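Going down the list, the protein sequences come from chains U and B.
Per our numbering, the very first residue in the first sequence carries number 2; after that it's consecutive.
Per our numbering, the very first residue in the second sequence carries number 515; after that it's consecutive.
Derived by calculation from the structure, the hints in this document are not laboratory data.
Quick caveat: nothing in here was measured; it's all calculated off a predicted structure.
Please note: incorrect hints may appear among the correct ones.
Which stretches of chain U does chain B cover? Using the computed rule of at least three CB atoms under 8 Å from a CB of chain B, they are [what the hints assert, rightly or not]:
| no. | segment |
| --- | --- |
| 1 | 48-54 |
| 2 | 97-106 |
Chain B is faced by these chain U residues, among others (derived, beta-carbon under 10 Å) [unchecked claim]:
| no. | residue |
| --- | --- |
| 3 | Arg8 |
| 4 | Pro73 |
| 5 | Gln83 |
| 6 | Ala86 |
| 7 | Pro89 |
Note that CB positions come from ideal geometry on N, CA and C, so glycine has one too.
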Amino acid sequence: MSIIELRNLAKRYGRKTVLRNVSLTIEPGEFMVIYGLPVSGKSVLVRLLTGLEKPDGGQIFMRGQDVTRMPPGDRNLGYVPQSFALYPHYSVFDNIAYPLTLAGVDKTRIRAEVEQAARLLKIERFLDRRPDQLSGGQKQRVAIARGLVKHTDIFILDDPLVGLDFKLRERLIEDLKVTQEQLGVTFVYTTSEAVEAMQLAGRIAVLERGEIVEVGPPDELYLRPKRIETMRYVGFPQANLLYGQLHRRDGRYWLSTSLFEIPVHQASHAQESIEEASQAEVSVAIRPEHIRLHAASTDSAVSFQAKVLLREDLGGEEIVYLDARGLQLATVLRSDEEEALQIEIDQPLEVCVHLRDIVVYAADGRYVARGG
Amino acid sequence: MSRAMRTRIYYAILWMVAIFFFLPIFWILLAALKTDADILAVPPKLIFAPTLEQFNKTLFGRGTGISNTIPYLVNSLVLSLGSVALATVVSFLAAYAFSRYKPRATNFLMFLMLSTRMVPASATVVAIFQMYNAFDIGLRNLGLISQPFFRGFPGVLLLYTMFSIPFSLWILKGFIDGVSPRYDETGFVNGASRLHVLFKVVLPQVRPGLIAAFIFNLIFVWNEFLFNFILGGQGTQMIPYALAVGLVNAGGNIDWGYVAALSILYVSLPVVMIFFFQRYLLVGMTFGTVRGEV
Chain U
2 MSIIELRNLA KRYGRKTVLR NVSLTIEPGE FMVIYGLPVS GKSVLVRLLT
52 GLEKPDGGQI FMRGQDVTRM PPGDRNLGYV PQSFALYPHY SVFDNIAYPL
102 TLAGVDKTRI RAEVEQAARL LKIERFLDRR PDQLSGGQKQ RVAIARGLVK
152 HTDIFILDDP LVGLDFKLRE RLIEDLKVTQ EQLGVTFVYT TSEAVEAMQL
202 AGRIAVLERG EIVEVGPPDE LYLRPKRIET MRYVGFPQAN LLYGQLHRRD
252 GRYWLSTSLF EIPVHQASHA QESIEEASQA EVSVAIRPEH IRLHAASTDS
302 AVSFQAKVLL REDLGGEEIV YLDARGLQLA TVLRSDEEEA LQIEIDQPLE
352 VCVHLRDIVV YAADGRYVAR GG
Chain B
515 MSRAMRTRIY YAILWMVAIF FFLPIFWILL AALKTDADIL AVPPKLIFAP
565 TLEQFNKTLF GRGTGISNTI PYLVNSLVLS LGSVALATVV SFLAAYAFSR
615 YKPRATNFLM FLMLSTRMVP ASATVVAIFQ MYNAFDIGLR NLGLISQPFF
665 RGFPGVLLLY TMFSIPFSLW ILKGFIDGVS PRYDETGFVN GASRLHVLFK
715 VVLPQVRPGL IAAFIFNLIF VWNEFLFNFI LGGQGTQMIP YALAVGLVNA
765 GGNIDWGYVA ALSILYVSLP VVMIFFFQRY LLVGMTFGTV RGEV
């Protein structure tokens, strides 16, 4: 049985619809990341989940019970709000203990629980301090500890790592993942960082303009998302997008673009038939790392000519911008790869892409086919 | 002219201005410690044997215009502390509502509240007098009161409370706006009640605002004369009234000793307050928009 179920949730503010038709099922012990750009409606969804606001339509079920109209305090949720919200007039200890104090847990048990949570997040040294004596990362850990100390099975984390520096995020992401696994509880986690979503999620729900456009495990979402928007938003550098035509020849479908012509087949979880899509121009997406800087050596790959425009060194890896017959393409290389050492600006070279890495989207942005 | 020289001249001017303004207070302070004969001595005596005789006479009455000043002191303390405390509680709740629920026309309502403080007292005092009188007559006709209610202690207390609310509301709204609603929400999700959030989460974070609102209005009520003089009866009068009435003694002369001693008692509370809480006063005077200091 699912632990959280959202059915056709809708929320409006005045005339503005911020959520529509949001349906989502979350299994016990799952790490569900709700990914969306700012103003996609993530925070509103969190407010509905926590009960801070009531939906205008639809239902929310938790642990099999309809909680749509239930006040926040009765839902028994662990909550890590955006922007910490640590009480400045409480010590770190009292902040972490807060949910337990409110629940009337006895003092000796509170002490034990708080110390355990503090150990888990490595903040046991700061328990006597005040929040304003902590660094941003330490504050965030305290906020997470306060969220996790509660005895419950559902935890809502509203973009908890926003605004933290890169290194700290990496560490906390690791900690969050381990913590969730250790506790075996359900996490609902919102973020507007695609990388963060990929690293954390068991499954990702992509929220776009108030609608969930797709739900799936990170690798599926990354390689062959159902929507071209997901392809565009998820991953850095952005996926390469080009235009093409589908047409039928010798009993199968072919994709032709200004760079290549390849055979394609209808994808197994495609949402639109290839025949319908072939009526109009289609979009073709290729992930940067799938463009390889050498000629094709097998039949299952396609090669074309390109010229190096620009190299951008990111330290461990390098983004190489190519010009292929007027189209600008980006590719990513590990800096120690042999090809990376040799290429020079303006150098013409032959690049290749495996057919299976070429993904085709219909004009309306739905996934239809892939190469091969 | 060298920089050091210029600084020295600035300081000299500043000291001169400060001394000029402080002189009357200095005279009052000296007079309060002198005997009647010393106060009127010509030339003024700067060296004399200090005595607390004037305070003794003022407080407990020895043939001065007002026989006993203690009730006025008590009235001043009770009315100002009482009304300001009441106003602070009411304003805190109102400011929370304005800040969190943002009712329609919040800004207009806030302005309307403040505008009551921009009208000169003399423009409204007669109208309020008539209104209070009518209330009292009505209540007496209904048989609910035998003593005047509005034109007495409760009425004056209410008026001062009402007059202290706008500033407190402005100051506290500024402070509560600075407390993120995320704090409230964290409380709610963890099962806290609205009252818990109000008094355990929000209130401790706006304590400087509460102090600022309290001090600022306390000084106002402490200094108020006109409304109380017109609206209240004998039993509600405060120190400003005692000063005005006791100024002339039974013999028709100005009783400088009484004026001096009572003035010193009168200013001591604001002086102490301002000395300890001056940074909060700045907050009050800027309606809570300048909060950096506290």
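Hints and how they fare:
no.: 1; hint: 48-54; verdict: holds (count 3)
no.: 2; hint: 97-106; verdict: holds (count 4)
no.: 3; hint: Arg8; verdict: violated (22 Å)
no.: 4; hint: Pro73; verdict: holds (5 Å)
no.: 5; hint: Gln83; verdict: holds (7 Å)
no.: 6; hint: Ala86; verdict: holds (4 Å)
no.: 7; hint: Pro89; verdict: holds (6 Å)
Comparing the model with each numbered hint stated earlier shows that hint 3 is the single one that does not hold.
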